[in-house]
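Participant: Sequence:
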Amino acid sequence: MDGDTHAEQQQYDATRTQRLNKLGIEVFRCPNTEILNNLEGVYEDLLKRVAERTTPEPASDFSHES
6 MDGDTHAEQQ QYDATRTQRL NKLGIEVFRC PNTEILNNLE GVYEDLLKRV AERTTPEPAS
66 DFSHES
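Once you know that position 28 of the sequence shown is 33 in the numbering used here, the rest is easy, because the numbers rise by one and skip nothing.
Treat the hints with caution; some may be incorrect.
Pair by pair, the computed Cβ-Cβ distance ranges are [unchecked claim]:
| hint | residue 1 | residue 2 | range |
| --- | --- | --- | --- |
| 1 | 34 | 56 | 29 to 37 Å |
| 2 | 59 | 12 | 15 to 23 Å |
| 3 | 57 | 13 | 31 to 39 Å |
| 4 | 53 | 12 | 29 to 37 Å |
| 5 | 25 | 56 | 17 to 25 Å |
| 6 | 21 | 54 | 13 to 21 Å |
| 7 | 16 | 45 | 28 to 36 Å |
These are calculated hints, taken from the structure and not from any lab test. The structure presented is a predicted model; accordingly, all values stated were derived computationally and were not measured. Backbone N, C-alpha and C fix where the C-beta goes; we use that ideal spot for every residue, glycine too.
Can you build the whole structure from these sequences, using the hints too?
Facilitator: Here is the structure:
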């Protein structure tokens, strides 16, 4: 949840986000006003993002024709 921030906080957040992304962690940022005014929409967006990240990739076909 993001509230009011200063420039140095935004830079810190951007650097932290880059480091987390390199580890495979997606950062979900949402302004606090969005949570206060549209909690259901934020929840739906979060669920969608989680579903996209946790959908298993198709299994490789290791069968060989003989």
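Participant: Range first: 13 to 21 Å. Now tell me if the beta carbons of residue 21 and residue 54 are that far apart.
Facilitator: 18 Å, holds
Participant: Could one say that the CB atoms of residue 57 and residue 13 fall in the range 31 to 39 Å?
Facilitator: Once the Cβ atoms are compared, 32 Å apart, the range 31 to 39 Å for residue 13 and residue 57 holds.
Participant: Hint says 15 to 23 Å; check whether the CB-CB distance for residue 59 and residue 12 agrees.
Facilitator: Violated, at about 35 Å.
Participant: Tell me if the beta carbons of residue 53 and residue 12 are separated by a distance inside 29 to 37 Å.
Facilitator: 31 Å, holds
Participant: Cβ-Cβ distance between residue 16 and residue 45: within 28 to 36 Å?
Facilitator: 32 Å, holds
Participant: Take a look at whether the Cβ-Cβ distance between residue 25 and residue 56 falls inside 17 to 25 Å.
Facilitator: 20 Å, holds
Participant: Is it true that the C-beta distance of residue 34 to residue 56 lies inside 29 to 37 Å, as the hint says?
Facilitator: 18 Å, violated
Hints 1, 2 from the earlier list are contradicted by this structure; the remaining hints agree with it.
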